[in-house]
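J.: Sequence:
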Amino acid sequence: MQILRYILKRLLFVIPQMLGILFISFFLIKLIPGDPAVLMLGPNATADAVAKLRAEMGLDLPVFQQFMIYLGNVLQGDLGMSWQSARPVLSDLMTRFPATLELVTLSLLLAVVIGLGLGIASAMRPRGAVRKAANYYGLLSGAIPDFWLALVFIFVFYTLLGWAPAPLGRYSIMLIPPQTITGSVLVDSLITGRFDVFMSALSHLALPVLTLGLVNAGPILKATQSSMDRALGSDFIAYARMNGLPRRMIRRQALRAALPNIITIISVLYSFTIGAAVLVEIVFGWGGAGQYAVAGVLNSDLNPVLGFVIFSAVLSLIVYLIVDLLYFALDPRTRG
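Take the position in the sequence shown, starting the count at 1, then add 124; the result is the number in our numbering.
Hints in this document: simulated from the structure, not taken from any laboratory. These figures come from a predicted structure and were not determined experimentally. Just so it is clear, CB atoms sit at the ideal spot from N, CA and C, and this is done for glycine as well. Keep in mind that the hints are not guaranteed to be accurate.
Said to hold, decoys possible - Here are the computed distance ranges between Cβ atoms for each label pair:
| no. | residue 1 | residue 2 | range |
| --- | --- | --- | --- |
| 1 | ILE446 | PHE188 | 31 to 41 Å |
| 2 | LEU284 | LEU195 | 46 to 56 Å |
| 3 | LEU199 | SER358 | 41 to 51 Å |
| 4 | ARG365 | LEU422 | 53 to 63 Å |
| 5 | LEU284 | GLN189 | 26 to 36 Å |
| 6 | ARG251 | PRO140 | 14 to 24 Å |
Build the full structure now, drawing on both the sequences and the hints.
T.: This is the structure we're talking about:
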């Protein structure tokens with residue numbers, strides 16, 4: 125019962141957060157230059173035709189009234205239509221968002237393995253070569269743009285060496301796509317027994333996952349290193365050393381103390397990377413939700429942009445709720 129009360133308490137904050145995100149996003153997006161009615165009808169459209177379409181789309185109404193109409197539609201599950209694809213935005217995002225989640229999730233898993241491993245190793249040997257290498261890597265990963273690294277990887281592994289497939293989508297265009305079940309090509313190809321698609325999807329994932337994984341491992345490395353340093357310098361670790369506890373147990377105790385900070389940075393990175401992966405999606409022709417939203421911005425097709433914001437916000441709030449539950453399980457002080 126205690127954990128249910130905790131979840132309900134956290135869920136109460138979700139409603140005002142979502143309303144605030146939607147309100148701010150709607151008004152900021154309205155500042156984007158360009159008239160959707162003009163873009164839809166073309167440059168040769170008459171003023172009367174443009175005015176008629178603006179009235180049909182509700183663009184002639186005050187902005188706040190437009191927001192209230194949009195909010196009412198969202199509450200009914202209607203995110204509007206995309207004039208580029210001529211499809212409901214909800215359908216487009218349900219098709220494209222799994223591609224982004226697949227890329228972001230796998231890249232964050234790689235980042236956690238690299239960042240956590242290097243962070244723990246460098247903290248346990250503060251004067252060793254691993255510490256120096258980790259410090260250099262942490263600085264370098266924060267200075268290199270992910271899209272630049274993606275272009276370098278394409279040039280080296282595709283153009284020069286020929287080890288990687290062409291950066292065109294999630295699997296080979298010569299293959300018949302698997303039946304869509306979850307939206308993840310890897311999962312769907314495994315479920316349906318399409319191992320040819322599975323291997324092709326793995327090869328297409330390698331470079332974008334490596335790109336985002338190497339860039340995002342830096343913040344995790346720094347958070348792990350600093351948190352482990354504090355834990356290893358604490359009184360309870362000093363007491364454990366005095367009692368002759370083996371190095372393995374000391375490392376485990378220090379990691380347990382450092383875990384809340386590490387979980388926090390991973391959750392923030394996950395939410396951030398959903399939007400930040402857009403340039404990598406474009407470079408690799410990934411066809412994800414971020415690429416869809418950017419196309420909406422460039423063409424003043426605002427419903428896809430708002431839909432992407434809503435999907436990203438909901439996912440971020442779910443991630444933060446999971447983190448809160450992990451805190452609840454790890455730290456008894458949060459249960460009061």
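J.: Taking the hints in turn, state whether each one holds.
T.: Status of the hints after comparison with the structure:
1. Distance hint for ILE446 and PHE188: a CB-CB separation of about 35 Å, consistent with the stated range 31 to 41 Å.
2. Roughly 52 Å separates the CB atoms of LEU284 and LEU195, a value that falls within the hinted 46 to 56 Å.
3. Taken as a hint, the range 41 to 51 Å holds for the pair LEU199 and SER358, whose Cβ atoms sit roughly 49 Å apart.
4. About 59 Å separates the C-beta atoms of ARG365 and LEU422, a value consistent with the hinted range of 53 to 63 Å.
5. A C-beta distance of roughly 57 Å is found between LEU284 and GLN189, which places it outside the suggested range of 26 to 36 Å.
6. Between ARG251 and PRO140 the Cβ separation comes to about 49 Å, which falls outside the hinted range of 14 to 24 Å.
Hints 5, 6, counting from the list given before, are not met by this structure.
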